[in-house]
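Please arrange chain B on chain A, whose structure you already have, making use of the hints.
Chain order of the listed sequences is A and B. The first sequence begins at 1 in my numbering and counts up one residue at a time. The second sequence begins at 1001 in my numbering and counts up one residue at a time.
Below, simulated SDA-like cross-link-like pairs (lysine to any residue); rule was C-alpha separation at most 25 Å, straight line: (1) B:Lys1072 to B:Ala1026; (2) A:Lys49 to A:Phe59; (3) B:Lys1014 to B:Leu1076; (4) B:Lys1014 to A:Leu22; (5) A:Lys49 to B:Arg1137; (6) A:Lys47 to B:Arg1137; (7) A:Lys58 to A:Val45; (8) B:Lys1014 to B:Arg1078; (9) A:Lys58 to B:Lys1014; (10) B:Lys1014 to A:Ser43; (11) B:Lys1013 to B:Arg1078; (12) A:Lys58 to B:Glu1154; (13) B:Lys1072 to A:Ser24.
Sample of chain B residues at the chain A side, in silico, Cβ under 10 Å: (14) Gln1032; (15) Ile1095; (16) Gly1097; (17) Ala1098; (18) Gly1099; (19) Ala1101; (20) Gly1104; (21) Thr1114; (22) Ala1121; (23) Met1125; (24) Gly1127; (25) Leu1130; (26) Glu1154; (27) Thr1156; (28) Val1172.
No wet-lab data here; the hints were simulated from the structure. Where is the CB? At the ideal position from N, CA and C, for every residue including glycine.
This is what each chain is made of:
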Amino acid sequence: MATWSPYIAGAGIGVLIWTVFLLSDHPLGCSTAFSHTAGMIESAVSKGKTAAMPYYRKFVPAADWHWMLVVGVVIGGFLSAYLSGTLSFVTVPPMFAAAFGPSVALRLAVALIGGILIGLGARWAGGCTSGHGISGTLQLALSSWVAAICFFAGGILVAGLLYGFTVI
Amino acid sequence: MPGMTLGQVRSDKKIQLALGLLSGIAFGFLLQKSGVAAYNVVLGQLLLTDFTVLKVMFSAVLVGMIGIYALKAAGLVRLHTKPGSLGATVIGGLIFGAGFALLGYCPGTAAAATGTGAPDALVGMAGIVLGAGLFARLYPALDRTVLHRGEFPEGTVPEILGIPPWIVVALVALMIVGIFWALGAYGL
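Excised from the complex, chain A in its bound form (with noise of 0.2 Å):
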């Protein structure tokens, strides 16, 4: 089946999390990669001035579980596309082309400025979609409520903006 009923694929997270705070005793989170990442390229170019940087000496960049975490998304992600046969390559998803045109260059654009706004919000916040949304959530900690609610609320604020309030 190319896709599940997503209260089973969402059970399914669900039990992931319990494994990966029963074998590795940390909540399940995709932005630390991203930081660890940046870091790591930092510190390529310049190495003592990164590592003396305060926020890398908090979230030491390393390829350390968080990394490979996000590694092995996107092996999953071609996994589960290649098995159902629904592995496409799409740059310009229909509904941004129906609303701002064809052009590669404008999507790419919009993604880039929308990935380092997520970047930032989410080392800000203290974790994304994955960290605060779920696995903060489900400990039922106070921070990752308000941050789920702040990101469907800035979400919802900025898509109504650009493809105009449809509900409210």
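Chain B only, in chain A's frame:
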């Protein structure tokens, strides 16, 4: 890993790298299978026309929460909550949300979508690295100025309220089931 204690598994670097990779493969597979590694599905959620993202997240929270609190009661896992504040969690969360709507993927789904062959998700991943690097640069100044403004009490909601965790687990479970029922009732 047979014959090893939980503590040995948790502190073995090679096993942890392998577990990170395997967890990632499972996570990426489930994200793609659920449909949330697609721009249209994420934007549909943010425009409140497609509730797939909410269904996946709340299903994960429902199952994950019950399991983690049961494992905690059995003494097998510890909780790992993060501190938060208005200056860090709210401002960072809103910046994240704006980026989420522009990119149409989050850090995890951008990686999964890259695996399915979406070049815009790969460019998004490069952007996330740039943004995370930018935060590391700004961190000392932000830490002095905004990150500690309006700090929340740290910990979980039941800890902060001083009530047994099972009451909150049951209430959140009921809320999630109620939301699923309402989505079904409205044909969403």
